[in-house]
Amino acid sequence: MTDTYQKIARSQAEYARCIDDDRLEEWPGHFHGACVYKITTAANYRDGLEAGIVFANSPGMLTDRVSALREANIYERQSYRHIIGQPSILFEDAREVRSETPFLVARILQDGDTDIFATGRYLDLYKLEDGEVKLNERTVVCDSSRIDTLLALPL
Amino acid sequence: MAEPSTMPKEDRSDAQAWPAEGLTRVPYRVFQTEASYTAEQQRIFHGPSWHYLALEVEVAEPGDFRTTRVGDTPVIVTRDSDGEIYAFENRCAHRGALICLDAQGKGKKDFSCVYHAWTYDRKGNLTGIAFKDGVKGKGGMPDTFRMQDHGPRKLRIALLHGLIFGSFSEQVPPIEEYLGEEISSRIERVLGGRTPVVLGRFTQVLPNNWKLYMENVKDSYHASILHLFFTTFELNRLSQKGAIIVDESGGHHVSYSAIDHEAGKDQEYSRQQLRSDSEYRLADPSLLRGFDEYHDGVTLQILTVFPTFVLQQIQNAIAVRQIVPRGVGKTDLNWTYLGFADDTPAQRLTRIKQGNLVGPAGYISMEDGCVGGFVQRGIAGASAQQAVLEMGGGEAQSSESRVTEASVRGFWKAYRSNMGV
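From first to last, the protein sequence lines stand for chains S and A. Going by this note's numbering, the first residue of the first sequence is number 1022, and it counts up by one from there. Going by this note's numbering, the first residue of the second sequence is number 735, and it counts up by one from there.
Treat the hints with caution; some may be incorrect.
[As the list claims (entries may be wrong)] A few chain S residues facing chain A, derived, Cβ under 8 Å:
id: 1; residue: E1097
id: 2; residue: S1100
id: 3; residue: I1104
id: 4; residue: E1121
id: 5; residue: F1124
id: 6; residue: A1173
[Stated by the list, open to error] Okay, the calculated bits of chain S under chain A, using three or more residues with CB under 8 Å as the criterion:
id: 7; stretch: 1024 to 1032
id: 8; stretch: 1131 to 1145
id: 9; stretch: 1154 to 1168
[To be verified] Negatives, chain A to chain S, calculated, CB over 12 Å:
id: 10; residue: T861
id: 11; residue: S903
id: 12; residue: G914
id: 13; residue: P1019
id: 14; residue: D1066
id: 15; residue: S1117
id: 16; residue: A1118
Quick caveat, the hints were computed from the structure, so don't treat them as lab data. If you're wondering where the values come from, they're calculated on a predicted model, not measured in any experiment. Here a beta-carbon is modelled for each residue, glycine too, at the ideal position from N, C-alpha and C.
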């Protein structure tokens, strides 16, 4: 139990650091298996509405998100600082773990303006393989339905 | 100095400032001043225009309700037991508090203000006042007070292919007349005879005046320049034919593109040479493997209704967008992503995947969230200067070329007509 908890906390810390350090090319590598990544809102999640602000269900879709940000999309230079809370283990058996983890993301724009950009929780599904936790699905549930200006970098 | 007495004081500076060139110039101050903003609330948002309120399916049953805004004005939309849809101002007739605090709900029999429990039926009529007759014969409202003389302002309602529009104006023409046949038929093309399903709702907070977003969405000139997703990944496999439609008022427009099979052959030929040079491809092109929904080859249709409604078809990504001003330099863009009740699971997944194209993180709409802010910041010291809108000439008419600002000029034509400037 404790072991799993620590592995998930470590995985989440590495995930956040990858984004905040602008190593986006490594971000898809944090996903395995089904590679489901979705950003939605608490209201949509509560009401069972399926659409996401971002939705991916393959390694390629994750890679394409990064390529588009690097090569195609236009947005002001910015970075995030993720503050990740303690994971709650919602379910665990020999094969998989479901967890919920609160986060706070500050967005720092090039002129130095820093705002709380998003708060919410990661609803994660990890598969246990060879003693390791492998992130298969992450649903990012933002507390607010309002997104300031645009959402470029992944949460 | 003689001035028209009918013009409110706050309009004068803008009226004087409008450049002699007419539709091809827009004075920047209309994006910057409280005076313009205040006048717009009265002349446009309470004027003879139709404003998108909600979808019929969002208030499907009697007692279902949603709260929204028409400009600054908070509004309740609900369905009564007679099956009809009603909308009224979300403002208690007593002391002005919001009557309803929730964004949406079901099973509402009446609406009671939390402040003093003045109560309204689902048509917006005042039906109850706490302690109206006082307590033990003392206090209470005077005998001369008639509840029927008091109530929040009611909106006229127009329903069109599942969309609910409202207006505070008695002068607004019927919706079909307001839109004209060409615009109406393009709404019908997307929504007619179908039951929409809400797939998600997101609000994008834009750091700019509401009119800068409306200009952007009507601007077919910027699409291939600002939005590089399709060109970077070489996704325009066939050359596209398209056109824009601007209605007579100028305020409503449609921009569309369709696969042109004849031109497509040539394009495909030249593409072969391009292909080897290009570095970028989608790793998962299934994003754009849509289904033929409308059988007319049209892969993109962006439609606006003056002043603040957008209906979008980008391949199979269908959405309505409602634009709500939140102050001179701040605007809420409310996205409602749609599917339809008869979608197969595979079709539904396609819509969810193509949702990546639009919204606050959209591959081809992300830039629209920030470019209005670039203008708002760029013009900060240029109140006396003006924007130039001469691409495609000076008129505001339909055009077979999309390299035109005709529909942007159309917006200003309708704006000036409504504002009297």
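Each hint tested on the structure:
no., hint, result
1, E1097, "6 Å, holds"
2, S1100, "16 Å, violated"
3, I1104, "21 Å, violated"
4, E1121, "21 Å, violated"
5, F1124, "17 Å, violated"
6, A1173, "6 Å, holds"
7, 1024 to 1032, "violated (count 0)"
8, 1131 to 1145, "violated (count 0)"
9, 1154 to 1168, "holds (count 3)"
10, T861, "30 Å, holds"
11, S903, "30 Å, holds"
12, G914, "32 Å, holds"
13, P1019, "8 Å, violated"
14, D1066, "8 Å, violated"
15, S1117, "22 Å, holds"
16, A1118, "26 Å, holds"
Of the numbered hints listed earlier, those contradicted by the structure are 2, 3, 4, 5, 7, 8, 13, 14.
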